[in-house]
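So the sequences go chain by chain: F and X.
Numbering follows our numbering, in which position 13 of the first sequence is assigned residue number 13; successive positions increment by one, without gaps.
Numbering follows our numbering, in which position 198 of the second sequence is assigned residue number 198; successive positions increment by one, without gaps.
Hints listed in this document are in silico derivations from the structure and should not be mistaken for laboratory results.
Worth double-checking, as some hints may not be accurate.
As the list claims (entries may be wrong) - Simulated pairs of lysine-lysine, DSS-like, Cα-Cα distance not exceeding 27 Å: (1) X:K267 with F:K128; (2) X:K567 with X:K555; (3) X:K267 with X:K345; (4) F:K128 with X:K31; (5) F:K177 with F:K260; (6) X:K218 with F:K128; (7) X:K218 with F:K137; (8) F:K182 with F:K128; (9) X:K31 with F:K153; (10) F:K137 with F:K182; (11) X:K345 with X:K298; (12) F:K177 with F:K137; (13) F:K153 with F:K128; (14) F:K177 with F:K128.
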Amino acid sequence: MSDEGSGRDHTDIAMWGAPGSGKTTLLAALSIALSRRPQQDWRIVGGDAPSTDFLIQNTLALSGVGEFPEATKDRNRYRWTLLGPPAGKNGRRRGKPAQVTATRININLMDPPGGSFGDSHHLSTADKSELISSLEKSKGIIFLFDPIREFEKGDAFNYLFAPLSQLASQMLASSDKYPDGKLPHHLAICITKFDELRVLQTASELTLLTTDPDDVHQFPRVPQDDAAQLLQELCSISATGNADIMLNTLTHFFHEDRIKYYVTSSIGFYLDPMRKVFDMADPVNLVPHAPLSSPSAAEPMPSRIRGQVHPINVVEPVLWLGQQVLNEHANGSPAG
Amino acid sequence: MNSDPSAVWLTAEWAVEGKPPGSVEDYQILKHSKGPLLHEDFTQIIARFSTGTPELLPQVTIAWVGDKANTRLILAIHRWTGYDGRGRRIATSRYFSVLYHWAAEYHLSYEALFHALDGSAPPSDDLVEFAVQPHLATVGDTIRATAMGTAALLLTGRHVCVLEGGALSMDDRLRFLDAVAAFLPYGMRTRLTASTWSSSASTDKIRLSFASHPGSDKVIPIVWGEPVSPSYLPEHAQTYLDLLTHHPDPAELIVRLAMERDPLTFKPEGCAGAVEVLENICVSTGRGYGEYAVRLHKVERTLTRYADAAGNGWLSEMNTAVGQLIDLKWSAEDFFDAERRRYRKLIRDRRLLASRPPEGMRADVYAVLLTVGYGQALGPEDVEEILTDVPEPSLELIAALSSMEPAVVRSLPRLLSKEAMEGAFAFMQTGTLAEVAAEEGQATWLMALACNELVARGSGGRQDPCIAEALNAHDYLIDVIRELHPPESAHHRFTGHRVMLQAAYGDALDGDELKEIFSRVLVPGAGPLIAAASSLYGSGAGRVLLDAAFHQVEKTPLPAGVLDAVKGDLLKPELAGAPPKLPWPSALHRGIRRFLRRGRRPARSSRSGDGKSSWMSPAMVYTLRAIAISIVVFVIALGVGYLIAQAL
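The shape of chain F in the complex, shown without the other chains:
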């Protein structure tokens, strides 16, 4: 649980998603996303040395060199604290100004390799058990749905079903703590890689794109209310046709009113440095980068981020989950 003001306890937020769905990149973009918020109201600090190192290294790599984090090989744990505006009024008390206390959302986060959620990854039994345990202990889950992977491989359901079954078995089968038979977590479903041309075009064709009037760069967005519709549309073109099962499974196991959908991009769209306004004719920010020793045409090339990183909907799911847990804590109502 989060503990407003004290920072003693931690809100456990778990990440869940297939390999390459962008879990680590989303984390790496979090600090940049907070810095780019016009309100400048939240900031993130590391809770231990490895977590601080991660923030420093990956923020610099993404924003400076234009490099993605390396593919995760082993489960990583991070401890961060989001510091935000005070939750209450800062009035005067007996003639003295009241002490201003920042809102703190402490995050314990486990970032496993995506394959851990499937059957093939070589996690030890203990590690797999720890992974399920981290989901069980968490109050909020960021579930990443990679539409590109789903279109190409259609295996999102494979990475959802096994751990979800184990989680449900541990939490629901042997306890009457959750009489409604649903998992108590808040679930932020993030449809990632909004910056990919195919995803952008799908949203455009569905006329789901809009812009934030306060956004000077006029980046396209999919309103939160329409995100579920985009997800359903993207699921319909799944390579295996199993994506709809995935959606149904999620709504069966979690409270629908505790699920929110976000269309996200960790790196955002390309922004011409001269014009500084989004150009629908030139939106792609991730391009192949040919090394000096030119490889053969068939050989994969490294990717490079073309321009600045402007994350879209990266902070929002984390803040929403943190806020939900804060609210629950303030109301004294346990999840479930």
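Given the structure of chain F, go ahead and fit chain X onto it with the hints provided.
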């Protein structure tokens, strides 16, 4: 192909973990050899010994798999190869598995294995055949101390990570891992995991690694190039480090440790086994450095033998062990702290200070045990510890404790009854008794007990020369006797000294004995002692007293002429009057005058009044004369006192 005739040819099973270029999947085993190790075996190895998400490559990880004859050493080489479907670099890891007994037979270092296997291209299915140089790690001076400290740290059973080693090359880091392993018995490689780099999240999987941060509180961090903090080293690890660092020939030690191939774990029993292995090496190697290990073994073996004998009541065995214990003549300064802690632990664990050896040797046994376990002097906390361990100490033990720390006696009243105290005093050495009595701030009744015990030891014709020595060392307990008897009981003081002197010297003193006593009497309050000593000598005591007084004067570096004059004054006090002229050089005279002028009294003019006379200063002459007369008068007064005492 390696044509070096000194190389040995071995085979290794292998697996490659990575991603096909362009893949969007996670890392997986791409291919592996078709040997005894199966796909799931390699899967398990990779999962158990993962070093986390790579940052800088290449790196090397060392691990193990299997048990007993099937134990294998694993060497993993991680390198970047191509890009995945998301444009990210692919970290490909090649795992090689070599049977442990081959590696042990040829004393293969990790570095040698790395160089032999790094260039090898895994064939389609078969095992890799490779040539390797059978040589041990060579440990340079610059890393030796850190490597030894790290080896000792690993014997705590905790994981260790080396910080601030990022600037080193991978080869240097691997060389360091090899050096650490070289200072452990080779058999520990059956359970050693090490890596030239691991993410902080993985330091709990790898026993020894270079990293940016320790992943958890369980991991001991050390800083590259800095000495290992002793606070991390428990007793056995400190002993191990002592043995390593005191070895004069580390290269020879590495060879000997490499021959210790029996598998050892990093669990407590394995770590204790490693210490034993090193001790045995030191013992069997002999030479100068072996003295410590030999002593370690001998003392522990003797203590254990004694404990076994005492525990079973085997008198003969006990006698033998006690004899050996008493033969332990090593001076306590030679003991290392860790070594002494081991002995102390053994003494405490086996409750040796609570044992009751045969009476005749009890005091000696306790004295040896205390010296071996605690050193030459006990501290208050040591005494507390011992009396906690042995809540009902034997009188001999108390006596032994008091011998090492006279202040211990102060704490005895709260532990023992008065009767028991008397009993305890009976077992104290004579010198200790005098020390206890003379201890500043000592309780009066304890002073009395100590004095009574001294007198008792010398009474009934049992003249004890130790008493005389002890009394002399403590000014014949003048202050103690004065403390015990009020000023109005001068005759009790006299009697007290007299019986004490009788205990020490018998009923009559000879001239030398009297002179020895009188050498200590030029202090305040010595009257009763002078009287007591004179009464035990008889007539002529005055002359001895004067001799003693003159002996004191003689010790003063005065010119021979002055000494002769003073001697005359002391022995012929009736000659007091005008001092004779002395043929002193004027320079010396001036020196004395300057000395006198520096005194509190203003200098008088010389007898001639010209200030340039060669005569001695009258002030000095009269002062010396006054001292001599005072002593004679004092002796006469004492004689009168003595006659009165006799009459009483």
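Going down the list of hints, with the structure as the test:
no.	hint	result
1	X:K267 with F:K128	holds (26 Å)
2	X:K567 with X:K555	holds (13 Å)
3	X:K267 with X:K345	holds (20 Å)
4	F:K128 with X:K31	holds (23 Å)
5	F:K177 with F:K260	holds (24 Å)
6	X:K218 with F:K128	holds (22 Å)
7	X:K218 with F:K137	holds (23 Å)
8	F:K182 with F:K128	holds (22 Å)
9	X:K31 with F:K153	holds (23 Å)
10	F:K137 with F:K182	holds (15 Å)
11	X:K345 with X:K298	holds (16 Å)
12	F:K177 with F:K137	holds (14 Å)
13	F:K153 with F:K128	holds (24 Å)
14	F:K177 with F:K128	holds (24 Å)
Comparing the model with each numbered hint stated earlier shows that all of them hold.
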